[in-house]
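A.B. asks: Chain by chain, the residues:
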Amino acid sequence: MPRRTVPLNRLLAIGVLALAVPACSTYDHSHAVYMLIDTSGTYSAEARRAQTIVNYLLGTLQPGDALAVAKVDSRSFSEKNIIAKTTFDRRPSEANNQKRAFKVAIENFAQSVRASTHTDITGGMLQAAEFLNETRAGNKTLLIFSDMQEELEKSTVRDFPIDLKGIRVVAVNVVKLRTDNVDPRRYLGRLEWWERRVRAAGATDWQVINDFDHLERVVALR
Amino acid sequence: MTTNWQSWLFWPDQPALSLLVLVLILLPFMYASRSPVHSLIHSVARAAANALRLASRWLRAGAEELRHRNKVMLLAHAEEEVGERLARDFERAGDIVRRDLQDFPAVSRKLKDEVTRIEEDFRLCGEVPPPPPDWVDAVESVSQIKSGGTEMVQGILEEIHKSVHKIHDKAVAEFRRSYENRHKILRSLLPHWRAAEKLTGEAEAKLLTLEKNAASIDAQMAQYREIANRTDKAEKSLTHSSFVRFFVAGLVMLIALGGAFINFKLIALPMSEMVGASDYLTGSLRTSEVAALVLIFVEASMGLFLLEALGITHLFPRISSMDDRMRRRMIWISLTLLIVLAAIESSLALMRDLLIADKQALIRDLASSSVQAAQPTDRWLVAIPTAGQMILGFVLPFALAFVAIPLEAFVNSARTVVGSCLVLLLRTLALVARVLAGACRQAGRGLVMLYDIPISPLVLAEKAIRGMRTNGVAPPRAAAPRRT
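Residue numbers (the working numbering), protein chains in the order written: chain A, 293 to 514; chain B, 205 to 688.
Derived by calculation from the structure, the hints in this document are not laboratory data.
Misleading hints may appear alongside valid ones.
Unchecked claim - With a straight-line Cα cutoff of 20 angstroms, these simulated EDC-like cross-link-like pairs (lysine to aspartate or glutamate) come out:
1) B:K437 - B:E269
2) B:K440 - B:E268
3) B:K563 - B:E477
4) B:K437 - B:E285
5) B:K563 - A:E386
6) B:K563 - A:D381
Whole structure, please, built from the sequences with the hints as guidance.
C.D. replies: Listed below in structure tokens is the structure:
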């Protein structure tokens with residue numbers, strides 16, 4: 293009597309199709325994070341706190357993701373302002389080594405940070421947008437570690453529309469200035485002005501985060 | 205909507221009165237159209253009931269056909285299976301007969317020799333010592349002679365006495381020697397008895413094994429005969445065993461799935477070191493995870509081919525029909541691949557451990573103010589989970605290889621189980637359709653009665669008029685034909 297065959301080939305074909313159909317999705321899961329650290333005036337003392345966020349990012353980002361940290365000084369639209377940048381290797385072991393090296397670079401920066409006379413946040417944002425768009429990552433985040441008080445030199449021109457399409461902007465550790473304490477409306481107005489500007493630039497989101505206790509909640513990368 | 209409804213009322217401010225009037229107007233029309241409306245209701249109900257009954261019949265016929273096909277398939281498969289089992293049992297019995305009973309004539313001869321020897325020895329034991337010589341009687345006669353105090357006689361008698369004593373001692377010694385010899389013979393009989401007993405025991409044990417096998421063959425034959433006769437009893441028994449096999453195989457496969465899950469967890473992370481951790485195949489499925497799954501599936505497939513080539517499972521007829529040489533090659537190839545894959549998995553398990561340790565060290569570094577070297581821990585403590593993972597990584601592929609056996613049982617029994625469930629479903633649907641057909645008929649009758657309620661005064665009036673026309677004598681009612 294001939295044996296009856298089991299249609300395993302058919303089952304396999306269905307399985308392959310089931311895997312292949314969703315595989316057509318072109319969504320990029322990689323993350324690119326650009327962090328601006330304000331070094332102007334008294335805010336330069338906060339650089340140590342910025343390290344906490346960088347360490348959190350290093351612990352959270354996965355192989356294949358990109359991270360760059362740059363300082364905000366008198367004129368920030370320059371590659372020279374980038375303290376460290378890297379795209380983590382696809383292999384976890386190599387990515388871990390890169391993270392260690394990144395951490396050392398940030399530590400060295402925190403120890404040798406010098407206060408700048410002016411604060412060019414817009415220039416830093418332009419530089420960040422350039423970097424983030426070049427990475428072609430699926431998720432782009434710009435962290436601005438600053439009091440968001442922009443003080444430009446007279447000759448520096450930044451009053452033009454900027455392009456932040458597809459970028460999520462998060463302002464971190466936006467401390468209140470002495471004048472803000474006198475009139476809180478100045479602080480709120482400043483944040484409102486930045487939100488308007490960022491949204492007008494096409495950013496996907498705008499957030500302000502001042503609580504460091506739950507970084508996993510506030511800096512929601514994944 | 206309200207306006208539309210109110211447009212039917214003669215006096216919108218008095219809806220009750222309007223409705224009453226409307227009903228009163230409608231009643232004659234309803235009475236007039238009573239017969240066609242009844243016919244309409246009956247025909248609609250009958251049409252629905254007939255359609256449902258037809259559907260019920262069709263479903264029942266379908267269920268019956270499916271049951272028949274299931275039966276044919278089940279019995280054919282069982283016939284083949286039992287036939288194979290019978291052939292194997294016959295082969296086993298043949299082996300027993302060849303191995304144990306082919307030297308039965310030699311055993312029998314040996315047993316006969318032993319018995320002959322025992323008989324010979326027994327005969328020898330039966331030999332009595334020689335009787336006392338005849339001259340004893342003479343001595344007795346002489347001893348009765350009265351000496352009369354004569355010295356000569358006295359001397360003769362004494363001589364005779366001495367001789368007799370001598371002869372007596374000799375006879376006793378002879379007698380004792382004879383008994384000693386018989387004892388020796390009896391002692392030498394003992395091993396022969398034992399040998400004979402052992403031979404008999406061995407033969408009995410072999411015959412018992414054969415008897416047991418014969419009983420098993422008898423049972424199989426009886427089952428085979430029932431299957432061949434296509435009896436309902438055989439079908440029920442086979443269906444029952446199919447259900448049992450289906451659930452047992454399903455349970456074993458669930459356990460195997462658990463094993464596969466652990467296997468997956470062991471190799472998914474280190475796979476990212478090989479294929480990259482940032483590639484995604486689907487929205488949430490990493491390439492490394494798919495690669496780990498593929499590796500597990502390949503291992504299971506190798507196990508499947510190995511068991512198939514060994515002749516344990518019969519899922520692929522092409523492999524079963526291969527000649528022995530090819531099958532042997534296939535066994536070696538699949539076994540080698542399985543060992544290689546198991547070794548890869550074992551090394552991946554080791555890599556996983558290293559990666560986790562590296563990640564933990566990094567997190568420690570990030571939490572601390574400066575980069576620190578990993579804290580040295582007890583080597584043994586670190587080595588135990590690592591070794592455990594490696595062993596697990598090596599063993600799990602082989603354990604997964606055996607999933608082919610429950611898989612085959614599952615696939616084979618699933619056909620019967622699914623078929624039986626379908627039959628049950630069709631029968632249930634048939635029953636539901638039949639019940640609905642009855643309900644439709646009853647609903648038709650109910651609607652007719654409901655229709656007659658408002659016009660009942662008119663119907664009663666009609667009856668009264670008819671009664672009056674026939675002078676109050678009611679015509680004999682013919683039995684109305686029962687509607688079915």
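A.B. asks: Would you pick out the hints that fail for this structure and give their numbers low to high?
C.D. replies: none
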